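Colleague: Residue numbers for the sequence shown follow the UniProt record's numbering, so the first one is 1 and each next one is one higher.
Since the hints were made in silico from the structure, they are not lab data. Any given hint might turn out to be false.
[What the hints assert, rightly or not] Subject to a maximum C-alpha distance of 30 Å in a straight line, what follows is the list of computed DSSO-like cross-link-like pairs (lysine-lysine):
1. K350 / K89
2. K350 / K262
3. K54 / K89
4. K262 / K86
5. K262 / K335
6. K86 / K54
Predicted model only: the values in this text are computed from it and were never measured.
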Amino acid sequence: MAGNEEVDIPGTGAVFTFGRSRFADNVPSHFFIRNDPVIEIACGDEHTAVVCQKGRVFMFGNNDYGQLGLGHRNVVTKPSCVKSLKPEKATHVACGRAHTIVGTESGQVWAWGSNSDGQLGVGDCIDRAVPTQLLDYAGDAVRQLSAGCLHSAALTESGRVFVWGSNADGQLGLDNAHETVPFPQQLPFSHQVVHISCGYYHTAMVTAEGELYTCGEGEHGKLGLPDSVAGASSPSRVLLGEPLAAVACGGTHTLALARSGKVFAFGNNSHGQLGLGSEVNQSILPTPVDSLADYNVASVSCGENHSTFITEEGDLYVCGEGRYGKLCNDDIEEKTITIPSRAQRFVDYKVQKAACGGCHSMILAHLFEEKSERQRDHSQTLSPLFMDEERKYSRMSQLSPAVVVNNNSAQSECGDETSTRVERGSIQSIDMNGNEDALSATAADQDSLSNETERLDNDFQEDMKDDDEIEEMLADKDDNEEDEKDNDDVAVEPEEKKQGRVARFFSAFRRKKPASASAASAASGTVEAEADEAKSRSQSGQSNIRDATGEKKSKACILL
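Work out the full structure, taking the sequences as your base and the hints as a guide.
Modeller: Next comes the structure, spelled out in structure tokens:
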């Protein structure tokens with residue numbers, strides 16, 4: 001995705017997908033919601049949730065346990081609106097391994113999906129395929145939500161923490177509690193909490209004083225406590241030496257972000273997820289990620305075996321397991337990265353948020369302002385297709401007698417090393433070396449210029465006819481869209497482009513032939529099978545998924 005495709009991304013940004021997300025046939029892609037910017041993103045093991053500015057929630061991915069909240073249990077490959085939540089305005093979202101929880105502006109908390117250990121907090125252990133309300137914090141709004149494999153947590157504005165779900169490993173911090181807690185219970189904690197994070201089987205929280213407390217399973221040292229391999233059933237303080245701002249918990253590792261922008265890592269590093277290099281297998285105590293010392297990190301996120309870091313400038317760094325391409329590359333790079341590396345896909349972007357799941361990553365980002373401005377300048381001055389008469393003749397007036405137009409090229413009397421060739425809808429760089437003799441205008445050149453002007457004028461008239469047809473098509477489309485529902489707000493690449501992109505992706509996948517192909521095939525099916533499945537879906541052009549009412553879902557998503 002480069003070039004003109006990036007121009008289509010709105011100033012508010014887009015959500016970029018990497019890895020086994022079930023979106024766009026698992027090929028790196030991106031989407032946005034028309035006129036409703038995404039403000040929150042969350043990843044489960046293989047499902048994703050986004051919250052928009054207007055409070056709508058869109059979901060896609062695996063749905064074996066109803067974790068998408070759409071009233072059915074079919075896989076959904078395109079963002080679909082959770083319509084039953086529409087009376088509420090969602091503000092926060094968190095995804096566990098196979099469940100989802102959402103907080104609303106009114107202080108309510110809703111949950112759906114897998115409920116084997118009471119992780120939905122609705123009083124039983126029955127799965128839900130539609131949102132079910134569990135909490136109503138009147139006068140104390142939800143500040144943050146987090147979810148692990150089998151447990152969940154909510155943080156209120158006043159600093160209270162509520163927990164529910166499995167406590168088999170002490171991850172709820174409720175000492176002497178039953179293994180299953182199906183109702184939300186307030187954590188008996190004397191400190192005001194400002195940030196929480198649930199790992200697969202452990203939990204961490206940061207207090208207003210900047211102190212870190214952890215509880216739950218202690219394997220690999222992910223609690224950051226000395227001699228804590230057995231775990232901790234109540235919140236225990238982790239000694240760091242400087243105040244923290246946030247914490248992120250993954251499958252078997254933890255990242256702590258200091259207020260100074262420094263990052264500490266502890267736990268399992270078998271996949272390089274701590275960013276401490278290949279020589280470290282695990283770290284029981286918090287260890288500074290020295291490779292990020294020169295960057296002011298503003299946000300951290302953990303997946304099962306990978307991590308992301310966002311700097312204050314909006315640069316994205318990644319490390320850990322690269323399986324399925326979840327380390328934010330446009331190709332199928334699956335290599336492990338043991339030292340945080342800049343995600344080259346986002347060199348021209350300011351990254352706002354990152355979410356890591358078990359098999360995929362989601363990135364919310366927008367083009368840097370200077371790049372957006374530069375692209376707008378290019379589209380305004382170099383593409384005659386959508387120029388009006390005034391702009392066209394203004395453009396032609398720049399072709400003064402000091403400019404020689406020959407063989408569809410323009411060379412100017414400037415001292416630059418390069419000039420430009422003007423073609424329909426494109427710009428190409430031309431080397432000026434050795435062309436000094438062409439810088440003087442002659443009578444023949446003037447005739448050439450006149451002929452070129454006439455030709456461009458004729459071309460422009462034809463283009464204007466094309467414009468009229470395009471405008472009619474857009475007008476018809478706008479009229480139709482007025483009758484569409486929420487799913488049509490998700491901004492669809494042409495089918496031909498999509499099939500080509502999918503073919504290139506799987507072609508690269510086959511060429512790599514990793515040594516672990518057999519194991520990977522056993523876990524998730526062969527690549528060829530996925531390619532055939534993707535091709536079949538692309539050719540069919542229709543989805544058989546129906547919502548709870550039996551109504552066939554609209555072709556909603558616009559993949560860019």
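Colleague: So if I understand the rule, the pair passes when the alpha-carbon distance is 30 Å or less; does K262 with K86 pass?
Modeller: 40 Å, violated
Colleague: Between K350 and K89, is the straight-line Cα distance small enough, at 30 Å or below?
Modeller: 27 Å, holds
Colleague: Taking 30 Å as the top limit, are the C-alpha atoms of K54 and K89 close enough?
Modeller: Roughly 7 Å separates the two Cα atoms, so the pair holds.
Colleague: Take the C-alpha atoms of K262 and K335, compute the straight-line distance between them, and say whether it is at most 30 Å.
Modeller: The hint holds at about 26 Å.
Colleague: If you draw a straight line from the CA of K86 to the CA of K54, is it 30 Å or shorter?
Modeller: Within the cut-off at roughly 10 Å; holds.
Colleague: Take the C-alpha atoms of K350 and K262, compute the straight-line distance between them, and say whether it is at most 30 Å.
Modeller: 20 Å, holds
Of the numbered hints stated above, the single one contradicted by the structure is hint 4.
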